[in-house]
Amino acid sequence: ETGVTQSPTHLIKTRGQQVTLRCSSQSGHNTVSWYQQALGQGPQFIFQYYREEENGRGNFPPRFSGLQFPNYSSELNVNALELDDSALYLCASSLDSDTQYFGPGTRLTVL
Amino acid sequence: GESVGLHLPTLSVQEGDNSIINCAYSNSASDYFIWYKQESGKGPQFIIDIRSNMDKRQGQRVTVLLNKTVKHLSLQIAATQPGDSAVYFCAERGSYIPTFGRGTSLIVHP
Chain A
472 ETGVTQSPTH LIKTRGQQVT LRCSSQSGHN TVSWYQQALG QGPQFIFQYY REEENGRGNF
532 PPRFSGLQFP NYSSELNVNA LELDDSALYL CASSLDSDTQ YFGPGTRLTV L
Chain B
2 GESVGLHLPT LSVQEGDNSI INCAYSNSAS DYFIWYKQES GKGPQFIIDI RSNMDKRQGQ
62 RVTVLLNKTV KHLSLQIAAT QPGDSAVYFC AERGSYIPTF GRGTSLIVHP
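Protein sequence lines correspond, in order, to chains A and B.
Quick note: the first sequence uses our numbering, first residue 472, plus one each step.
Quick note: the second sequence uses our numbering, first residue 2, plus one each step.
Hints in this document: simulated from the structure, not taken from any laboratory.
Careful, some of the hints might be misleading.
To be verified - Heads up, simulated SDA-like pairs for lysine to any residue below, C-alpha to C-alpha not over 25 Å straight-line:
#1 B:Lys72 x B:Pro83
#2 B:Lys43 x B:Pro83
#3 B:Lys69 x A:Ala509
#4 B:Lys43 x A:Phe518
#5 B:Lys69 x A:Ser536
#6 B:Lys72 x A:Ser557
#7 B:Lys43 x A:Thr491
#8 B:Lys43 x A:Gln512
#9 B:Lys72 x A:Asp569
#10 B:Lys43 x A:Phe531
#11 B:Lys57 x A:Ser568
#12 A:Lys484 x A:Phe516
#13 A:Lys484 x A:Asn548
#14 B:Lys43 x B:Ile98
#15 B:Lys57 x A:Lys484
#16 B:Lys43 x A:Glu546
#17 B:Lys69 x B:Met55
#18 B:Lys43 x A:Gly499
#19 B:Lys57 x B:Arg103
#20 B:Lys72 x A:Gly529
#21 B:Lys43 x A:Asn548
#22 B:Lys69 x A:Pro479
#23 B:Lys43 x A:Gly511
#24 B:Lys69 x B:Gly42
#25 B:Lys43 x B:Gln82
#26 B:Lys43 x A:Ala558
#27 B:Lys43 x A:Leu566
#28 B:Lys43 x A:Thr580
#29 B:Lys43 x A:Pro575
#30 B:Lys43 x A:Ser557
#31 B:Lys43 x A:Pro479
#32 B:Lys57 x A:Glu546
#33 B:Lys57 x A:Asp569
#34 B:Lys69 x B:Lys43
#35 A:Lys484 x B:Gly42
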């Protein structure tokens, strides 16, 4: 186990709704990255937070947003859900830019 | 398009055989490469990494080879076990964000 936890494990939403996913980083890690993994694909980088500031963003629209808290846990928020947002959402924590350790993911289904 | 990719989507081996999973990348500025293993229902698990100033790195039963000339890296797993069955991803990190390929599914037959 990596010590990275995510909640919830599974989630079902309908198109147009909003969702918040949560991640607790490994103890001592100050950086959290979020990824979207569609079925049969590799993880796609959404954004990264370092010491509560967004530190890089992938090719995702602004309706994907996030937060990092003083204890370095993090949230991923997705507004106006679309069917194509159905995927496994992974967070990974690291100390600075060192090796990233992934959580088990949240499986989001949008109907 | 993707900057990393794997040559085969599925690799089937017999238990005890050696497995070789290949990966090509296109960004010649990439200086750090990582292999991850992802079992069903789990997040990717770090296996081994290699920096561009190295050609080879060994871990426990795994070896990563890097050929910068042809922008190719491989993951070799010795004495493959049923527990090695998973999807394997190579990722390159040109900046600080890993870019993943699609993955190769390794199936180990007893």
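So, going through the hints one by one against the coordinates:
no.	hint	result
1	B:Lys72 x B:Pro83	violated, 30 Å
2	B:Lys43 x B:Pro83	holds, 17 Å
3	B:Lys69 x A:Ala509	violated, 30 Å
4	B:Lys43 x A:Phe518	holds, 20 Å
5	B:Lys69 x A:Ser536	violated, 37 Å
6	B:Lys72 x A:Ser557	violated, 33 Å
7	B:Lys43 x A:Thr491	holds, 20 Å
8	B:Lys43 x A:Gln512	holds, 14 Å
9	B:Lys72 x A:Asp569	holds, 23 Å
10	B:Lys43 x A:Phe531	holds, 23 Å
11	B:Lys57 x A:Ser568	holds, 22 Å
12	A:Lys484 x A:Phe516	holds, 22 Å
13	A:Lys484 x A:Asn548	holds, 13 Å
14	B:Lys43 x B:Ile98	holds, 20 Å
15	B:Lys57 x A:Lys484	violated, 46 Å
16	B:Lys43 x A:Glu546	holds, 19 Å
17	B:Lys69 x B:Met55	holds, 9 Å
18	B:Lys43 x A:Gly499	holds, 22 Å
19	B:Lys57 x B:Arg103	holds, 23 Å
20	B:Lys72 x A:Gly529	holds, 24 Å
21	B:Lys43 x A:Asn548	holds, 21 Å
22	B:Lys69 x A:Pro479	violated, 41 Å
23	B:Lys43 x A:Gly511	holds, 14 Å
24	B:Lys69 x B:Gly42	violated, 33 Å
25	B:Lys43 x B:Gln82	holds, 19 Å
26	B:Lys43 x A:Ala558	holds, 13 Å
27	B:Lys43 x A:Leu566	holds, 21 Å
28	B:Lys43 x A:Thr580	holds, 17 Å
29	B:Lys43 x A:Pro575	holds, 5 Å
30	B:Lys43 x A:Ser557	holds, 17 Å
31	B:Lys43 x A:Pro479	holds, 14 Å
32	B:Lys57 x A:Glu546	violated, 38 Å
33	B:Lys57 x A:Asp569	holds, 20 Å
34	B:Lys69 x B:Lys43	violated, 31 Å
35	A:Lys484 x B:Gly42	holds, 20 Å
Hints 1, 3, 5, 6, 15, 22, 24, 32, 34 from the earlier list are contradicted by this structure; the remaining hints agree with it.
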